[in-house]
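2 protein chains.
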Amino acid sequence: MGLLVQKFGGSSVADPDRIRAVADHLVRTRREGSDVVAVVSAMGKTTDDLVRLAGDVARHPGGREMDMLLTAGERISMALLSMAVEDLGQPAVSFTGSQAGIVTDTDHGKAKIIEVRGDRIRAAVSEGKVAIVAGFQGVSTSLDITTLGRGGSDTTAVALAAALGADACEIYTDVEGVYTADPRIVPTARKLARVSFDEMLEMAATGGRVLALRSVEFARNHNVKVHVRSSFTWAPGTWITEEDAEMDAVEAMEQAIISGVTHDTGEAKVTIERVPDRPGIAATIFRDLAEAGINVDMIVQNVSSAGHTDISFTVPRPDVDRTARCMEKIVVDTEAIGFATDEHIGRVSLVGAGMKTHPGIAARMFETLASEGVNIEMISTSTIRISCVLAEDDVERAVRSLHAAFGLDKE
Amino acid sequence: MGLLVQKFGGSSVADPDRIRAVADHLVRTRREGSDVVAVVSAMGKTTDDLVRLAGDVARHPGGREMDMLLTAGERISMALLSMAVEDLGQPAVSFTGSQAGIVTDTDHGKAKIIEVRGDRIRAAVSEGKVAIVAGFQGVSTSLDITTLGRGGSDTTAVALAAALGADACEIYTDVEGVYTADPRIVPTARKLARVSFDEMLEMAATGGRVLALRSVEFARNHNVKVHVRSSFTWAPGTWITEEDAEMDAVEAMEQAIISGVTHDTGEAKVTIERVPDRPGIAATIFRDLAEAGINVDMIVQNVSSAGHTDISFTVPRPDVDRTARCMEKIVVDTEAIGFATDEHIGRVSLVGAGMKTHPGIAARMFETLASEGVNIEMISTSTIRISCVLAEDDVERAVRSLHAAFGLDKE
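Line by line, the protein sequences are chains A and B.
Per this note's numbering, residue 8 is the first one in the first sequence, and the count goes up by one each step.
Per this note's numbering, residue 8 is the first one in the second sequence, and the count goes up by one each step.
Think of the hints as simulated: they come from the structure by calculation, not from any bench.
No distinction is drawn between identical chains; accordingly, a pair holds when it is met within one copy or between any pair of copies.
Only pairs whose alpha carbons sit at most 25 Å apart, straight line, appear in this in silico DMTMM-like list of lysine to aspartate or glutamate:
1. Lys52 / Asp63
2. Lys117 / Asp94
3. Lys52 / Asp24
4. Lys52 / Asp22
5. Lys363 / Asp205
These numbers were taken from a predicted model, which means no experiment stands behind them.
Please take these sequences and the hints and turn them into a complete structure.
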């Protein structure tokens, strides 16, 4: 008899009807012969409501108290789900992050899991119970309640699946799986049956919002098979597994070179102009930005001309003003000519493990964009991804044309 | 420097404005030189809302999961209050019942406190912090989350005050203190400066809703001085202390014989008619009722006539139907003639430590009711209380006439 970890996001447990539907699914899973551990997020917009309440009582809520506050959300959903399961005649028991043995560091608001002591969960499961665990939360080494940051419930689920040796970690959400592109922009986008951990990481990092980056990293590092699927249709979704794992010959032959086109319009571009091209200059710039707590994403440096170069990078749009203040000092320190910011950009990325063995993908991408009259402002690549920064207005057209050009449209 | 435990009920922390007002008060208390531990209930009607949610997902929510659910309420209020205090520049730290070391038995929904391990609170206070503790909740000896039942936050506050050796336990609520009668019925009712533990116990048991019975018992058993007062006016309220404690001669002289008139219209009367008067008959009746989980309050047995007697008792009105079903069997088992129930009754009680040394109080009470044309259906007494069961329609008139007759009206 196998063990499944099933995670249900906020929209999956948004109201009593949804909670009863999830309870029904857990009982069915159990009756079909699997042991099951459920991980739940807070109901619907509960977390946002609590954040708003905090803002109403304090200008600068402390991290420890914020975590204490927010963890009330999963406490409510997990207790309700547990009641609903028991009401169907299936024994169940709920556990807070602390009771589930999710031990974290002391970094409130974005704690990292150090250890999972799954004893109480293992005992409950071996007694035939459905164990229901609060996602997103843990207890720190100094016995304070912590949260794992946005998307933390996915990480809880994957970490539990790893610790318990589960056969799979099913992430139930409000979409049917991972798509070749955002279906709101590309109506012909297809659901992928399978992507590799590395592809999923690249997708998550470049705008695919189905899974949080950290949970995918955790799954890859511990080789936890993840199945992303819908709690509204319960249809099979997308498997995220090791590359080539359990793929038969036919599947492998049919495997597309490109898995998907992602896009992100949440960033801004910053360029420092004509900075002297000498060793250590990039280190100076990005150490200053890191110390200011600015999360720099893509970095591109052009070739040097006459001892000077331009360096461009992207930052989250909300950080543009802080970045600009930082840049004023950096321009002086580095003896650059100046800097420019552009908030009207977007990034379009092509992700696919097949790139490693198929040359010419980049060229075809640039040709496709050129034929659409789209100007490329920055380029960066990894072994399985090519990203282009474009004008924001060009993003949707670029995504659609690349999706068609690489044969990702439905027949 | 003394230590105060200050407890704030649901109405005192009902919204962000109220939470900031309470935070302000805590900071002022601290700046005036006292160490302070705050105990909070859930905000406003949060607990009722959570109970309703449970009813929406399960027909019979389990006790363990219900406690897990309900304890989310104080988690929210305590974290918010802690943030609000810190926002005023005063260090604060919140503790769940479990973190505060409130250890209980495993009786979910109405757990009893077994032990208070106050180490973390003591440490926080000695570091100059305001400790903010979740009321109503604890952790059981089997490491599950428990609640103490309605009014449990008062018990948490008193238990903490006892364990920490606090100078006083201040119970902040939405009334100004303990009154000689319910001011909504008797506009001339006066706020009492002081009542004894025994008087408060009798008042709480007979309809005075200011403090939960269990918390008063706990305070008496551990001799914790309790000060009931308003978090809306912050005016001095009513002290509940040992009888004659710290009373000077003048106060003692002015001490009234009667402290107050209480009433309760939440009960129904049940009479078993002409039951054979033989040993063990009462035991049979009330054991059966106890096993059915019916909480019998007042019991009166009349003198026997021709080997038969009538026994009357009161039960909470919502239990009348269950009681009636139980009585059908009891009537058969005891060979009684039948039974009758009456939901249109009320109880009026006179409470006062002075009764012990002043004879004739009962006679004056019955005369007063007679002169108002009020018929007495049942009578029961303790050393410091006389209770009469009356027709419900007579209750308000009875309370007002007794309040006047015993000189409790304001000058």
